[in-house]
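S.K.: 284 is the number that the working numbering gives to position 284 of the sequence shown; each next residue is one higher, with no gaps.
Be aware that a few hints might be false.
[What the hints assert, rightly or not] Pair by pair, the computed Cβ-Cβ distance ranges are:
hint, residue 1, residue 2, range
1, K186, D129, 19 to 29 Å
2, P30, E184, 30 to 40 Å
3, T59, P30, 16 to 26 Å
4, R27, D111, 15 to 25 Å
5, G71, S120, 18 to 28 Å
6, T124, T188, 17 to 27 Å
7, S147, M126, 28 to 38 Å
8, R37, A254, 20 to 30 Å
9, F38, R121, 31 to 41 Å
10, F52, E162, 26 to 36 Å
11, G71, G51, 28 to 38 Å
12, R62, K186, 16 to 26 Å
13, E41, K160, 27 to 37 Å
14, P122, D29, 33 to 43 Å
[Said to hold, decoys possible] Mimicking EDC-like on lysine to aspartate or glutamate, the simulated pairs with C-alpha atoms at most 20 Å apart in a straight line are:
hint, residue 1, residue 2
15, K153, D136
16, K160, D125
17, K153, D129
18, K186, E53
19, K160, E67
20, K186, E41
21, K160, E68
Hints are computed from structural coordinates only; laboratory data are not their basis. Backbone N, C-alpha and C fix where the C-beta goes; we use that ideal spot for every residue, glycine too.
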Amino acid sequence: MNQVHEPTAPNLEIFDRLLGRKGDATRLDPAIHAVTRFFGERLQGILSRAGFEAAFEATGHRHTSAEELLGALENGAICTFLGVQANQPQAFLITDFGASSVIAELMLGGDPEFASLSASRPPTDMECDLVRQFGDFIGEALQTTLSVGEQPKALRIIRKIEEVRDGEEQEPIVAFDVTMTFGEAKPTLTLAVTHTMLLRMARPPQETVKRPQHGARETPNRQPEPATRPNPKALAVKVPVTGSVVLPAISLDALGRLRPGDVLPLSEEGDAKVKLKVKGRPLYDCSLGRKGAHYAICLERPHQAMADALNGIGLSMPNPDSEETHHE
Numbered sequence: 001m002n003q004v005h006e007p008t009a010p011n012l013e014i015f016d017r018l019l020g021r022k023g024d025a026t027r028l029d030p031a032i033h034a035v036t037r038f039f040g041e042r043l044q045g046i047l048s049r050a051g052f053e054a055a056f057e058a059t060g061h062r063h064t065s066a067e068e069l070l071g072a073l074e075n076g077a078i079c080t081f082l083g084v085q086a087n088q089p090q091a092f093l094i095t096d097f098g099a100s101s102v103i104a105e106l107m108l109g110g111d112p113e114f115a116s117l118s119a120s121r122p123p124t125d126m127e128c129d130l131v132r133q134f135g136d137f138i139g140e141a142l143q144t145t146l147s148v149g150e151q152p153k154a155l156r157i158i159r160k161i162e163e164v165r166d167g168e169e170q171e172p173i174v175a176f177d178v179t180m181t182f183g184e185a186k187p188t189l190t191l192a193v194t195h196t197m198l199l200r201m202a203r204p205p206q207e208t209v210k211r212p213q214h215g216a217r218e219t220p221n222r223q224p225e226p227a228t229r230p231n232p233k234a235l236a237v238k239v240p241v242t243g244s245v246v247l248p249a250i251s252l253d254a255l256g257r258l259r260p261g262d263v264l265p266l267s268e269e270g271d272a273k274v275k276l277k278v279k280g281r282p283l284y285d286c287s288l289g290r291k292g293a294h295y296a297i298c299l300e301r302p303h304q305a306m307a308d309a310l311n312g313i314g315l316s317m318p319n320p321d322s323e324e325t326h327h328e
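Given only the sequences and the hints, what does the whole structure look like? Please build it.
M.R.: Structure, rendered in structure tokens:
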């Protein structure tokens, strides 16, 4: 009898790519990379602005479940639940007894030289409260790292596995190992983030489907309208603007041959003066030289008044569209 093999993770990934599906493992990659790369810097900057100096670095991650991770409470650790709603934690901060004492020393503004990992006793109520305050900084760093709207807050401290409520340990999580450097002490913290919160960063924006207008017939294979469409009912305001630009010397022949879109180089020896007036009042007066723009673009052909003036003295403006232009 042939034995049926269960699909493995690599095989599932291959089928997902062939079928165009995107599993959680693929969608989680951007968020995992963001936490690994930027979380330590964000947390360090937030603590520095609050007056606390310590360094943090995410050194690795692993996929696990909250139920398995909370088993560390039996080996001498406490867990801080973070989230927006009290009954729905989005992240877990697990610190052993030694790391909890170092965090408490940091939050008290103590000297890094006195921080050590020798504490083997359970943290006191005051130390647990200091760890909970530290959890608020963790939530702020997560918010800025993942670019989510609401900031997770430290909800409560869990010391025993029996204190976990039903349903709080069911969701899959990604656990990150974060190394904290405070003086000579370098404890390792475990920051676990639920898939729901990580996917809030990688999830594409929801498409808004507009309801068709009343009486309009639906057209099959209709192309979606562009997002930026000019509003025909928008108010258009025309403001009279006058101004002048001092350009380098140019011959009448070259001036007459200018076409819309041609570029004139400005003087590089001296600055080109630009003066602009709106409704007769000066609005803009600056110098454009080596540190500014070096070119002016021709928007229109020479003004008709200039052509009339040249005709009055017996000269004519050359026609740039004519191919039979001769030079004397």
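S.K.: Please list, smallest to largest, the hint numbers that this structure does not respect.
M.R.: 4 and 8
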